[in-house]
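Peer 1: Sequence lines, in order, name chains A and B.
Heads up: the first sequence begins at 102 in my numbering, then just goes up one per residue.
Heads up: the second sequence begins at 102 in my numbering, then just goes up one per residue.
Think of the hints as simulated: they come from the structure by calculation, not from any bench.
A hint or two may mislead.
The list cannot tell twin chains apart, which means a pair is met if one copy fits it or any two copies do.
[To be verified] Straight-line C-alpha distance at most 27 angstroms; calculated DSS-like pairs for lysine-lysine:
id	residue 1	residue 2
1	171	186
2	197	186
3	168	186
4	197	168
5	169	197
6	171	197
7	192	168
8	169	186
Remember, predicted model here, so these are calculated numbers, not experimental data.
2 protein chains.
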Amino acid sequence: MIAETPAPPYYAVIFTSVRTDDDLGYAEMADRMVALAEQQPGFLGIESARNDIGITVSYWADMVSIKKWKMNIEHLEAQRLGHEKWYSSFKTRIVKVERDYGF
Amino acid sequence: MIAETPAPPYYAVIFTSVRTDDDLGYAEMADRMVALAEQQPGFLGIESARNDIGITVSYWADMVSIKKWKMNIEHLEAQRLGHEKWYSSFKTRIVKVERDYGF
Numbered sequence: 102m103i104a105e106t107p108a109p110p111y112y113a114v115i116f117t118s119v120r121t122d123d124d125l126g127y128a129e130m131a132d133r134m135v136a137l138a139e140q141q142p143g144f145l146g147i148e149s150a151r152n153d154i155g156i157t158v159s160y161w162a163d164m165v166s167i168k169k170w171k172m173n174i175e176h177l178e179a180q181r182l183g184h185e186k187w188y189s190s191f192k193t194r195i196v197k198v199e200r201d202y203g204f
Numbered sequence: 102m103i104a105e106t107p108a109p110p111y112y113a114v115i116f117t118s119v120r121t122d123d124d125l126g127y128a129e130m131a132d133r134m135v136a137l138a139e140q141q142p143g144f145l146g147i148e149s150a151r152n153d154i155g156i157t158v159s160y161w162a163d164m165v166s167i168k169k170w171k172m173n174i175e176h177l178e179a180q181r182l183g184h185e186k187w188y189s190s191f192k193t194r195i196v197k198v199e200r201d202y203g204f
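Pulled out of the complex, with its shape left as it was, chain A reads as follows (with noise of 0.2 angstroms):
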């Protein structure tokens, strides 16, 4: 699903992944983690796609929301595990989103 974010100017995560050939909990973890981040202060949505890399955005109302999402103590679980067992390389981007448009 496209996510239906407000106007602009907010904030979003880029995550890009490849992933290892290890599947054990992933795909348990990864649902775990978008059940968690709709839960916290200043979610706007998500999207996420994979083939031959992974990308998946998620969308903030603020910097202060994405810095407390990235140290929450189950997320940091998340992300040892990632850089551990389930990602070859990875590259989080932070942004600014301040323009948008679509139909």
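Starting from the structure of chain A, add chain B where the hints point.
Peer 2: For chain B alone, coordinates are given in the frame of chain A:
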């Protein structure tokens, strides 16, 4: 491939879309647009994934490069066909990348 972008700040276009069932000419046009984008001044890289939705993120040195790419005559025609035939909905977000990290 994860795009190898320079140190921030730089800019990006997040294009999120839902496709119609009309595949005629779509893959060729998508490939052509990537090849054309790569030739534009200020182009830094591109990442793309699709299953339920498609997410394409293109990275650019500055806003002027993004505006010129949006107005490229061949790209305008692709946008027109996309709106008319290939996408049932889309959202384009113009963003400034403020921080990034990865491994």
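Peer 1: None of the hints should be skipped; say for each whether it holds.
Peer 2: Going down the list of hints, with the structure as the test:
When the C-alpha separation of residue 171 and residue 186 is checked against a cutoff of 27 angstroms, the pair qualifies only within one copy, where the shortest distance is 19 angstroms, while the shortest distance between copies is 39 angstroms. Taking CA atoms no more than 27 angstroms apart as the test, residue 197 paired with residue 186 passes in neither setting, with 30 angstroms inside one copy and 31 angstroms between copies. Within a single copy, residue 168 and residue 186 get their C-alpha atoms as close as 24 angstroms, which meets the 27 angstroms cut-off; across copies the closest is 40 angstroms, which misses it. With identical chains, the CA atoms of residue 197 and residue 168 are at most 27 angstroms apart both within one copy (14 angstroms) and between copies (17 angstroms).
With identical chains, the CA atoms of residue 169 and residue 197 are at most 27 angstroms apart both within one copy (17 angstroms) and between copies (21 angstroms). Taking CA atoms no more than 27 angstroms apart as the test, residue 171 paired with residue 197 passes in both settings, with 16 angstroms inside one copy and 19 angstroms between copies. When the C-alpha separation of residue 192 and residue 168 is checked against a cutoff of 27 angstroms, the pair qualifies both within a copy, at 16 angstroms, and between copies, at 25 angstroms. In this assembly of identical chains, the alpha carbons of residue 169 and residue 186 lie at most 27 angstroms apart only when taken from the same copy (24 angstroms versus 41 angstroms across copies).
In the structure shown, a violation is registered for the earlier hint numbered 2 alone.
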